[in-house]
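Whole structure, please, built from the sequences with the hints as guidance.
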Amino acid sequence: MSISYYNANADAYFNDTVGANVNSLRERFLAHVPPGGHILDAGCGSGRDARAFAKAGYQVTAFDASAEMVKRAAAYTGLDVRHMTFADMAWTEEFNGIWACATLLHVPRDELGSTFARFTRALRRGGAWYLSVKHGTDDRVVGERTFTDLIEQEMQKRLEDAGLSVADLWVTDDVRPGRADRWVNTVAVRIE
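All residue numbers for the sequence shown refer to the numbering used here, where the first residue is 83 and numbers rise by one.
These are computed hints drawn from the structure, not numbers from a lab.
Beta carbons are placed, not taken as given, at the ideal position from N, Cα and C, and that holds for glycine.
Any given hint could be a false lead.
[Said to hold, decoys possible] Simulated DEER-style distance windows between Cβ atoms:
hint, residue 1, residue 2, range
1, D243, D170, 18 to 28 Å
2, Q235, A149, 35 to 45 Å
3, G160, D221, 35 to 45 Å
4, R207, A90, 18 to 28 Å
5, E193, A90, 15 to 25 Å
6, V223, P116, 33 to 43 Å
7, Q235, E193, 13 to 23 Å
[Stated by the list, open to error] Taking lysine-lysine pairs in the DSBU-like style, the calculated list, with each CA pair at most 30 Å apart, reads:
hint, residue 1, residue 2
8, K216, K137
9, K153, K239
10, K216, K239
11, K153, K137
Set out below in structure tokens:
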């Protein structure tokens, strides 16, 4: 459902998000990733963050579930962006860091446990995972997209259940002008 929305609205979504200033979020994440480390941008959308990480000297792997967003991200970043979903993730201890900015918000609540497990498995021990979702407790359908909102306590419990230690957890306003959304942001570290 949500993937078809991004395929149909790829240009508008690209234009709406590519210039969003998330520098402070990236800085908080990169404080936990070694210089030049391997970062996975999971659900990379426009490729905004994958491009920033690559320019900063990190090794970057990026993917998105929307074929149309993959085309735009590949053109924007110059990277070989993969077309795949979270369910396709089969990496084991591959990444020093995983960036999932505003992407897991479309995963149904009953699939979060298995999804979090795949992300944890893909991290090297000591690796850091940044993720953000909309703040709240609802499971919503807005237009052609589904949303799973989380509050801080549920986010922390789910991450700990997945074998991660929460290193940083904070709530922010949407950085895009005219948006009233609040976001739960987390950096969690693989401890096992």
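Evaluation of the provided hints:
1. Between D243 and D170, the C-beta spacing of about 22 Å keeps the proposed range 18 to 28 Å intact.
2. The hinted window of 35 to 45 Å between Q235 and A149 holds, with their beta carbons roughly 36 Å apart.
3. Separated by about 37 Å at the C-beta atoms, G160 and D221 satisfy the suggested range of 35 to 45 Å.
4. Take R207 and A90: their Cβ atoms lie about 40 Å apart, and the range 18 to 28 Å is violated.
5. At about 23 Å, the CB distance of E193 to A90 agrees with the hint of 15 to 25 Å.
6. Evaluation of the 33 to 43 Å hint for V223 and P116 yields a pass: the beta carbon distance comes to about 40 Å.
7. Take Q235 and E193: their Cβ atoms lie about 20 Å apart, and the range 13 to 23 Å holds.
8. Note on K216 and K137: the hinted pairing holds, with a Cα-Cα distance of about 28 Å set against a maximum of 30 Å.
9. Proposed proximity of K153 and K239 is contradicted: the alpha carbons are some 36 Å apart, above 30 Å.
10. Proximity of K216 to K239 is assessed by CA-CA distance (about 16 Å); at most 30 Å being required, the pair is judged to hold.
11. Between K153 and K137 the CA atoms are separated by roughly 19 Å; this keeps the pair inside 30 Å, and the hint holds.
Hint compliance for this structure: hints 4 and 9 are broken, all remaining hints hold.
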